[in-house]
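Take the sequences, apply the hints, and build the full model.
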Amino acid sequence: MSATRSSGPSALRLTLNIWRQKNAKTPGGFEVYRLEGISVDMSFLEMLDELNEKLTVEGREPVAFDHDCREGICGACSLVINGQPHGPDRNTTTCQLHMRRFRDGDTITIEPFRASAFPVLKDLSIDRSAFDRIMAAGGFITARTGSPPDANAIPIPKVAADLAMDAAQCIGCGACVAACKNAAAMLFVSAKISHLGLLPQGQPERRSRALKLVTQMDAEGFGACTNERECEAACPKGISVANIARLNRDYLWASLSDPS
Amino acid sequence: MTAVTLGDSKLDSKCPSGPLAARWDKHRFELKLVNPANKRKFHVLVVGTGLAGASAASTLADLGYKVSAFCIQDSSRRAHSIAAQGGINAAKNYQNDGDSVWRLFYDTIKGGDFRARESNVYRLAQVSNDIIDQCAALGVPFAREYGGLLANRSFGGAQVSRTFYSRGQTGQQLLLGAYSALMRQVGEKRVQMYTRHEMLDLVLVEGVARGIVCRNLTSGAIESFAGDAVLLCSGGYANVFYLSTNAKNCNVTAAWRAHRRGAYFANPCYTQIHPTCIPVSGEHQAKLTLMSESLRNDGRVWVPKQQGDTRAPSAIPEGERDYYLERKYPSFGNLAPRDIASRSAKEQCDAGRGVGPGGMSVYLDFADAIQRDGLAAIRAKYGNLFEMYERITAEDPYRQPMRIYPAVHYTMGGLWVDYNLESTIPGLFVLGEANFSDHGANRLGASALMQGLADGYFVIPYTLGGHLAGRKLPKLTTDHEAFRQAEAEVRARTKNWLSIKGQRSVQSFHRELGLTMWEHCGMGRNRASLLAGLSKLAAQRSEFHANLRVMGDGEDLNQQLEHAGRVADFYELGELMIRDALHREESCGGHFREEHQTPDGEARRDDAKFCYVAAWEHAGDQDGWKLHREPLEFENVQLATRSYK
Chain A
0 MSATRSSGPS ALRLTLNIWR QKNAKTPGGF EVYRLEGISV DMSFLEMLDE LNEKLTVEGR
60 EPVAFDHDCR EGICGACSLV INGQPHGPDR NTTTCQLHMR RFRDGDTITI EPFRASAFPV
120 LKDLSIDRSA FDRIMAAGGF ITARTGSPPD ANAIPIPKVA ADLAMDAAQC IGCGACVAAC
180 KNAAAMLFVS AKISHLGLLP QGQPERRSRA LKLVTQMDAE GFGACTNERE CEAACPKGIS
240 VANIARLNRD YLWASLSDPS
Chain B
0 MTAVTLGDSK LDSKCPSGPL AARWDKHRFE LKLVNPANKR KFHVLVVGTG LAGASAASTL
60 ADLGYKVSAF CIQDSSRRAH SIAAQGGINA AKNYQNDGDS VWRLFYDTIK GGDFRARESN
120 VYRLAQVSND IIDQCAALGV PFAREYGGLL ANRSFGGAQV SRTFYSRGQT GQQLLLGAYS
180 ALMRQVGEKR VQMYTRHEML DLVLVEGVAR GIVCRNLTSG AIESFAGDAV LLCSGGYANV
240 FYLSTNAKNC NVTAAWRAHR RGAYFANPCY TQIHPTCIPV SGEHQAKLTL MSESLRNDGR
300 VWVPKQQGDT RAPSAIPEGE RDYYLERKYP SFGNLAPRDI ASRSAKEQCD AGRGVGPGGM
360 SVYLDFADAI QRDGLAAIRA KYGNLFEMYE RITAEDPYRQ PMRIYPAVHY TMGGLWVDYN
420 LESTIPGLFV LGEANFSDHG ANRLGASALM QGLADGYFVI PYTLGGHLAG RKLPKLTTDH
480 EAFRQAEAEV RARTKNWLSI KGQRSVQSFH RELGLTMWEH CGMGRNRASL LAGLSKLAAQ
540 RSEFHANLRV MGDGEDLNQQ LEHAGRVADF YELGELMIRD ALHREESCGG HFREEHQTPD
600 GEARRDDAKF CYVAAWEHAG DQDGWKLHRE PLEFENVQLA TRSYK
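As you go down the protein sequences, you meet chains A and B in turn.
Everything in the first sequence is counted per numbering that gives the first Met the number 0, starting at 0 for the first residue and increasing by one.
Everything in the second sequence is counted per numbering that gives the first Met the number 0, starting at 0 for the first residue and increasing by one.
Hints were generated in silico from the structure; no laboratory data involved.
Think of the CB as a built atom: it goes at the ideal place given N, C-alpha and C, for glycine as much as any other residue.
There could be a bad hint or two in this list.
Unchecked claim - In silico contact screen, one side only, chain A against chain B (beta carbon under 7 Å); selected entries: (1) Met41; (2) Thr55; (3) Ala142.
Stated by the list, open to error - With beta-carbon atoms standing in for the labels, derived distance ranges: (4) B/Tyr105 with A/Arg89: 38 to 48 Å; (5) A/Gly145 with B/Asn95: 19 to 29 Å; (6) B/Lys474 with A/Asn22: 30 to 40 Å; (7) A/Asp217 with B/Lys13: 49 to 59 Å.
Here's what the structure looks like:
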């Protein structure tokens with residue numbers, strides 16, 4: 000845990016540099032806002048709520064940003080804070096970042112996740128439907144409702160189940176893409192390939208899944224991995240780049256074998 | 000709106016008769032089937048893609064129906080089911096500790112304080128085992144033991160270990176399973192997915208639900224969709240309290256618009272206050288965070304015996320602590336059901352024994368568990384929850400007890416449905432938290448996920464056939480006059496929020512509404528306070544309609560505009576909740592009327608007068624609501640005083 004109580008005053012004065020953009024077709028730019036009296040106990044998004052309240056009262060249009068659960072699990076929040084996706088704390092989504100991480104007088108730059116596959120819809124809100132299309136291409140196990148065997152019929156070694164769970168924790172936020180200089184989606188795709196490929200239930204479709212997911216990932220305009228590991232550093236769920244090795248192995252194996 | 004008037008009950012629950020265990024089988028046999036070649040001719044509209052919606056949409060599409068699914072989020076994977084932490088119940092009896100379908104049924108009926116239908120709850124317990132099998136097949140990584148078999152843990156209100164889990168992220172994993180099944184159908188073009196679409200009205204043609212009107216949240220366009228059935232899987236209404244554990248965008252609008260079109264709203268006053276949440280830290284607070292009930296497996300709840308004791312917890316000796324749940328409920332201890340644990344926490348804080356800022360919290364202490372099992376074991380079980388706690392409070396729960404306080408979490412009330420999950424509007428089905436059906440007056444932990452998936456995977460695929468094969472559904476398109484009219488109304492409402500041009504933000508109104516609901520219709524309710532709440536609400540609502548300010552326009556993404564429509568519906572719902580709470584002159588489950596309690600402060604039910612479902616019909620803005628009663632009949636369990644002592 001890197002969050003510690005800041006030593007300064009319990010209310011902060013901040014300068015915010017925020018990306019404003021009317022819609023996907025209109026070019027955007029930074030605007031500067033000043034806030035005072037921000038409590039260190041606020042979450043980052045509650046600080047933005049305060050800004051929007053102030054803008055509304057002043058008769059200016061509030062800043063659009065995606066958010067929902069505010070518990071770090073839905074994956075909706077998606078800000079680049081001072082150049083880092085989800086801000087400075089490791090393993091932390093934007094909604095779980097708290098203002099005690101900042102100091103009185105700080106300037107904070109806030110931008111949307113940037114990638115050509117994630118067009119900006121408005122201000123800080125982006126379109127991540129490319130991720131859904133990748134999942135629709137093969138990010139599943141085909142199992143008709145009502146037909147499966149008893150859940151204990153296939154024992155799964157605890158180690159495999161735990162590794163699958165590590166990968167399955169991906170929240171699909173896209174921070175890995177935003178952090179990558181190539182805007183690669185390899186960490187996201189590999190997390191799904193690992194999750195399903197490590198389980199016995201996922202074996203029948205393992206090869207076709209790797210081919211389909213990678214093909215769709217390329218079609219969406221995501222870049223390729225050049226082993227910088229920025230994705231792992233930015234991932235709020237601590238998804239490991241070891242998953243990318245699994246993806247590469249499955250993809251190579253599938254490419255060289257009979258596509259059945 | 001005027002006072003409550005009593006209506007004649009026209010509610011037919013359509014519950015099958017005969018032995019409880021055979022009812023669902025018998026009913027499934029009697030339901031009409033749709034021939035496989037005909038399925039593709041039927042178009043089903045599914046609103047919401049949480050556990051109920053995603054499981055229903057994927058299963059129906061796999062059966063061959065043409066499905067369109069709608070969600071307000073940017074991806075169907077982000078529905079609020081994802082935030083459920085602790086687990087999902089099933090009667091597998093894998094632990095050999097005495098569980099059975101009957102025991103799960105009985106615990107759920109008793110947990111709900113005998114205010115749910117026997118037939119529905121028994122069916123829920125029956126299909127619970129199929130859910131675990133289905134989820135495992137889809138690749139849900141449930142926790143396992145070293146032998147490779149599934150692990151279980153305990154939850155409140157049960158003395159067996161029947162809860163399946165994936166660390167502290169069970170809802171996420173179950174939802175991603177259902178989402179992956181849904182995405183498969185999207186890829187195969189059997190489901191058309193509409194994200195960032197909000198349903199703003201239901202369209203009826205000749206009295207049957209035949210379509211919906213949505214606002215495309217990205218473009219602002221008003222879009223209509225016609226179909227042969229509408230499935231509402233739009234979740235609960237806890238955000239009427241503003242501060243709740245629900246995601247910020249959870250709302251009642253889809254359900255409320257259906258209510259205004261004729262769907263009865265059942266038991267709106269049954270709300271669940273979850274005992275273990277992180278306390279409010281200040282006025283800026285926009286959201287409350289739950290700490291999973293699973294923590295009560297190992298955490299012990301206590302307060303200092305002495306009032307106003309401000310010593311650090313470590314400085315308070317064992318003998319000066321009151322482990323009040325263990326003291327009051329020795330057989331269930333810290334695993335007392337949610338309503339009881341919450342009320343007990345409030346009781347301690349009201350009596351001046353609360354801890355932390357303002358004395359508005361109690362301790363949840365892991366010191367004994369850490370000493371017994373070791374730090375590593377506790378970290379493996381609850382690590383992510385402890386981290387979340389520290390991130391929010393800057394306190395380390397490995398070193399000092401967590402501070403917790405109850406917060407609004409779930410709503411047992413919802414649109415009335417029969418055994419087929421069909422509302423009082425033919426063709427409108429309601430699944431998951433959006434309906435009222437299975438939890439009575441209090442839901443047990445790990446039962447919400449079970450119900451959402453039961454409805455979607457295993458109930459609606461059968462019961463929908465009864466509607467589609469049993470009714471004449473003439474072909475129609477969105478050119479029909481009924482769509483034009485509904486679209487015009489939606490446009491007018493949306494435009495109205497922009498044209499008020501007052502002084503106050505939507506958020507400021509929502510916060511004020513939430514506080515009023517919490518103070519007047521929260522954990523403890525009484526007649527005088529409920530009446531005062533009604534008049535406060537009326538005043539706030541008039542100000543909202545006169546003094547709201549929404550910036551921007553309706554032509555693109557406008558989150559304040561979305562919020563305005565939702566808050567407007569919350570005002571109306573809030574009024575109905577208070578009226579329902581006023582009329583129910585008894586205490587049961589989460590509904591605690593202070594006038595009706597035993598000498599030791601437990602809820603006192605009145606089975607002679609209130610053993611029924613209260614289903615409210617919207618009778619127009621002038622006439623208020625009409626009450627319809629569906630009597631609850633208990634043939635298999637004995638109505639008893641609920642005791643966890």
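Structure-based check of each hint:
1. Met41: A/Met41 check passes; min Cβ-Cβ to chain B is 5 Å, inside 7 Å.
2. Thr55: OK, holds: A/Thr55 within 7 Å of chain B, min 4 Å.
3. Ala142: With Cβ-Cβ at 4 Å, under 7 Å, it holds.
4. B/Tyr105 with A/Arg89: 38 to 48 Å: 46 Å, holds
5. A/Gly145 with B/Asn95: 19 to 29 Å: 27 Å, holds
6. B/Lys474 with A/Asn22: 30 to 40 Å: 37 Å, holds
7. A/Asp217 with B/Lys13: 49 to 59 Å: Given about 52 Å between the Cβ atoms, the range holds.
Violated hints are absent here; each numbered hint is respected by the structure.
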